[in-house]
Amino acid sequence: MSSGVPAANELPAGTLGATTPPSAPAASYGFWTRLRVNSEYIVIPAFALLMAALLFALFLLAIGKSPVDFVDYVWRGGFGTAFSFQNTLQRSSPLILTALAVAIPARIGLIMIGGEGALVLGGFAAAAIAVPMVGVVPPIVTMPVMVAAAVIVGGCWVGIAGYLKYARGVNETISSLLLTYIGIAIMNFFVEGALRDATNPNKPSTKPIGEAYMVGHIPGTQVHWGFLVGVLLSVALYVLMTRTTFGFAARVTGGNYRAALAQGLPVGRLIVACAMIAGGCAGLAGYFEVAAIQGRANASLAAGYGFTGILVSFLARHNPVVIVPVAILFGGLVASGGLIQRRMGLPDATVLVLQGLIFIVLLVSETLYGRFAIFRPADVKDRT
Amino acid sequence: MSASEFSRRTLLKTTAWGVAGATLNLGAAGRALAAGDLTMGIVYVGARDDFGWNQAHAVAAEALKLVPGVKVVEEENVPETDACAKTMESMINLDGAGLILATSFGYYTPFVVDIAKKYPDVQFRHAAPLWNKDKDPKNAGSYFGYLNQAHYVNGVAAGACTTSNKIGFVAAKPIASVLSNINSVLLGARKTNPKAIVQVIFTGDWSLPVREAEAANALVDSGCDVITCHVDSPKVVIETAEKRGVKTCGHNASQAPLAPKGFITGAEYKWATIYKGYAADIAASNPLPNFLIGGYESDFVQNTPFGAGANEAAKAAATAAIADMKAKAPIYVGPLKDNKTGKIVIDKTYGNLDPYLDKMDYLLEGVVGSIT
Chain A
1 MSSGVPAANE
11 LPAGTLGATT
21 PPSAPAASYG
31 FWTRLRVNSE
41 YIVIPAFALL
51 MAALLFALFL
61 LAIGKSPVDF
71 VDYVWRGGFG
81 TAFSFQNTLQ
91 RSSPLILTAL
101 AVAIPARIGL
111 IMIGGEGALV
121 LGGFAAAAIA
131 VPMVGVVPPI
141 VTMPVMVAAA
151 VIVGGCWVGI
161 AGYLKYARGV
171 NETISSLLLT
181 YIGIAIMNFF
191 VEGALRDATN
201 PNKPSTKPIG
211 EAYMVGHIPG
221 TQVHWGFLVG
231 VLLSVALYVL
241 MTRTTFGFAA
251 RVTGGNYRAA
261 LAQGLPVGRL
271 IVACAMIAGG
281 CAGLAGYFEV
291 AAIQGRANAS
301 LAAGYGFTGI
311 LVSFLARHNP
321 VVIVPVAILF
331 GGLVASGGLI
341 QRRMGLPDAT
351 VLVLQGLIFI
361 VLLVSETLYG
371 RFAIFRPADV
381 KDRT
Chain G
1 MSASEFSRRT
11 LLKTTAWGVA
21 GATLNLGAAG
31 RALAAGDLTM
41 GIVYVGARDD
51 FGWNQAHAVA
61 AEALKLVPGV
71 KVVEEENVPE
81 TDACAKTMES
91 MINLDGAGLI
101 LATSFGYYTP
111 FVVDIAKKYP
121 DVQFRHAAPL
131 WNKDKDPKNA
141 GSYFGYLNQA
151 HYVNGVAAGA
161 CTTSNKIGFV
171 AAKPIASVLS
181 NINSVLLGAR
191 KTNPKAIVQV
201 IFTGDWSLPV
211 REAEAANALV
221 DSGCDVITCH
231 VDSPKVVIET
241 AEKRGVKTCG
251 HNASQAPLAP
261 KGFITGAEYK
271 WATIYKGYAA
281 DIAASNPLPN
291 FLIGGYESDF
301 VQNTPFGAGA
311 NEAAKAAATA
321 AIADMKAKAP
331 IYVGPLKDNK
341 TGKIVIDKTY
351 GNLDPYLDKM
361 DYLLEGVVGS
371 IT
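Just so you know, the protein sequences line up as chains A and G, in that order. Its first residue numbered 1, the first sequence is counted upward by one per residue in the numbering used here. Its first residue numbered 1, the second sequence is counted upward by one per residue in the numbering used here.
The hints are simulated quantities; they were obtained by calculation from the structure and are not laboratory data. Treat the hints with care, since some could be wrong.
Derived DSS-like pairs: lysine-lysine, alpha-carbon spacing no greater than 30 angstroms straight-line [claimed, not checked]:
1. G:Lys138 - G:Lys166
2. G:Lys117 - G:Lys359
3. G:Lys359 - G:Lys343
4. G:Lys166 - G:Lys261
5. G:Lys71 - A:Lys207
6. G:Lys195 - G:Lys65
7. A:Lys207 - G:Lys359
8. G:Lys340 - A:Lys207
9. G:Lys328 - G:Lys173
10. G:Lys343 - G:Lys315
11. A:Lys207 - G:Lys65
12. A:Lys207 - G:Lys135
13. A:Lys65 - G:Lys71
14. G:Lys328 - A:Lys207
15. G:Lys315 - A:Lys207
16. G:Lys173 - G:Lys71
17. G:Lys326 - G:Lys195
18. G:Lys315 - G:Lys261
19. A:Lys207 - G:Lys243
20. G:Lys65 - G:Lys138
21. G:Lys340 - G:Lys166
22. G:Lys166 - G:Lys337
23. G:Lys173 - A:Lys65
Just so you know, these numbers come straight off a predicted model, no measurement behind them.
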């Protein structure tokens, strides 16, 4: 997948800090030209979504269900009422953070899929550090400590995969995935052993952190703060990856590893840093699962958000700000999945079929970029 | 127009309205429950046809659908995260549910408790004995079947069927309800076969099909000729044992069709008794009981009809044991020792629903296996 690194001939030598945006042509082109060029990134995914929807409609017709009803229920269950829309936003919150955990390493050319493990361990670390502090240290101190614990532990966990990649050449996709299972096992080990709440004999969990130490909802809504944090972090990481020296160096490394080395870029540090940012995002998702939802750490932390985040990031083409709407779309599909089950008598897997179709069609649509003259006005140089 | 296109466009138009609605707290606007009609929402953690825990509930839900004036809405594969809270709210807001049955253990705290506080007009009942009358909302409650009584009957039949005197038990996690089932199988088997032992392997989680098959094979290899289990879906264990040519006792729901040759009987929940009771109470405008537990004496559990694996002695002994259970004959007749230190853990005879037994954290002498 293209990481959007500008070709070397566009860069005056020695201006690594000069920040040419990756996908937008230089500002010298007029607004309409830029709009025409950039609209490719809207029209093609929209077309792909339409195709996926048509395929799914055929699937529904084949099993004797009405696609119109389906659309109606997706709308009502995911977006159409205040409750539904907030349900969607709440469900998208962990997905934004776990998708960022895939998108940032992808910018440096790494396919890291270990967000689930970092989420679980980050959430566990937050709960584990909070339990002895509850009732002793006030929430105002404990909560930042919990956040820090989650981010640091999550960051270090995925950081391991980054370090192994750079130092030993270990495939980061495999190592980050395997680390996930180790992470879940570590959490289970403590939750079923040393840190188990003895008063809860049937579901092994840590002690609850208590209402006072939990994060509430965004005022006036039923959506927890994790959503807003995810949105702000998406924007911040977008700026980091597209408007700073660090992001530029990371993208150069992703575009051509050897060239980056030859340029004298600190490739090792960049890789580990991107992996740690990724793990930190996933760890933060774990913090919100514990502090906004569960109130304790247990096996329910491993709910698959880390894996859904992979899909979200790929669909967003690893662009941090695009992750937000894509995560909301996914949140809406999941939120409405229940209504579809209940009203149409369809199994839970139906929504998974739709997700799978969207994923495949969007990946195939990648091959369409650069093939349509309408998106390349004559006065724009070839950018590829 | 595609689902996603539709969502995306209309989303833009209604975002402002959505936020405004939120601040005005219009959350419950969709709820309009006609008097006399009841919509029951049932939430499952797994698939409704899992040959296990979820299927036992789904079978009862089918029976409920026949009750006039009752509408049942069901949602499966709902994880024990805020997804279950949102599912319950969605059932209330969009389907007008007046009674929610949350069937998985991990739904209770914090989700059922929180949502029950938020919707005081809706009744919530959860399938595990967790409701605390001092702390928890009055519109919430618990119901549970003491399946160990049916496992005791399994043990009685298994004891009469085994020739190696070794009964194999594939268990998920070493928590109280699982341990009680293992111990009850042992005590039942000892009724018909004083030399019987129960050999147990813990897989470590509720649904690990590969490890469950390995455990079943290992138990058969070590000489067990009757296999039973306590995992979410016993399908793999029963099928593996049938393939190996040994006999089986079931768990949670009927697995009789999976083992046409070796199936003896199985421990089954009978949730329909409880669910129909709720429906009748609501129809008669009676308050629902907050805390409802029981076993054979309340018709909350049952045994699967005997399969081809049950011999005549087993059938006679198991039928008598069922009558004993209905007459509240105690399973745990003390003193009984644990299998690790030989310490007396059950000092006297306890009634089958005695809360002391809910705290069980030991395997009795005669069980081969370790919790830690």
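Status of the hints after comparison with the structure:
1. At most 30 angstroms may separate the alpha-carbon atoms for a hinted pair to count; G:Lys138 and G:Lys166 exceed this at roughly 47 angstroms.
2. Of the supplied pair hints, the one linking G:Lys117 and G:Lys359 holds, its CA atoms being roughly 28 angstroms apart against a limit of 30 angstroms.
3. Taken as a hint, the G:Lys359 and G:Lys343 pair is honoured in the structure, with Cα atoms around 16 angstroms apart against an allowance of 30 angstroms.
4. Taking the CA atoms of G:Lys166 and G:Lys261, the gap is near 19 angstroms; set against the 30 angstroms cutoff, the hint holds.
5. Taking the CA atoms of G:Lys71 and A:Lys207, the gap is near 39 angstroms; set against the 30 angstroms cutoff, the hint is violated.
6. Between G:Lys195 and G:Lys65 the alpha-carbon distance is near 47 angstroms, which puts this suggested pair outside the 30 angstroms criterion.
7. A C-alpha spacing of about 18 angstroms is found between A:Lys207 and G:Lys359, which places the hinted pair at or below 30 angstroms, so the restraint holds.
8. Note on G:Lys340 and A:Lys207: the hinted pairing holds, with a Cα-Cα distance of about 28 angstroms set against a maximum of 30 angstroms.
9. With a C-alpha separation of about 28 angstroms, the suggested pairing of G:Lys328 with G:Lys173 holds against the 30 angstroms cut-off.
10. Distance check on the hinted pair: G:Lys343 and G:Lys315 sit about 34 angstroms apart at the alpha-carbon level, beyond 30 angstroms; violated.
11. With a CA separation close to 40 angstroms, the supplied pair A:Lys207 and G:Lys65 exceeds the 30 angstroms bound.
12. At most 30 angstroms may separate the alpha-carbon atoms for a hinted pair to count; A:Lys207 and G:Lys135 meet this at roughly 17 angstroms.
13. Simply put, A:Lys65 and G:Lys71 have alpha-carbon atoms about 21 angstroms apart, close enough for the 30 angstroms limit, and the pair holds.
14. Simply put, G:Lys328 and A:Lys207 have alpha-carbon atoms about 36 angstroms apart, too far for the 30 angstroms limit, and the pair is violated.
15. Simply put, G:Lys315 and A:Lys207 have alpha-carbon atoms about 46 angstroms apart, too far for the 30 angstroms limit, and the pair is violated.
16. With a C-alpha separation of about 35 angstroms, the suggested pair G:Lys173 and G:Lys71 falls outside the 30 angstroms cut-off, and the hint is violated.
17. Using a Cα cut-off of 30 angstroms, the hinted pair G:Lys326 and G:Lys195 holds, with the two alpha carbons roughly 26 angstroms apart.
18. Note on G:Lys315 and G:Lys261: the hinted pairing holds, with a Cα-Cα distance of about 16 angstroms set against a maximum of 30 angstroms.
19. In summary, the hint linking A:Lys207 to G:Lys243 is not supported, as the alpha carbons are separated by about 43 angstroms, beyond the 30 angstroms threshold.
20. Our distance criterion of 30 angstroms between C-alpha atoms is met by G:Lys65 and G:Lys138, whose separation comes to about 26 angstroms.
21. Simply put, G:Lys340 and G:Lys166 have alpha-carbon atoms about 19 angstroms apart, close enough for the 30 angstroms limit, and the pair holds.
22. In summary, the hint linking G:Lys166 to G:Lys337 is supported, as the alpha carbons are separated by about 19 angstroms, within the 30 angstroms threshold.
23. Of the pairs offered as hints, the one joining G:Lys173 and A:Lys65 is violated, with about 41 angstroms between alpha carbons and a cut-off of 30 angstroms exceeded.
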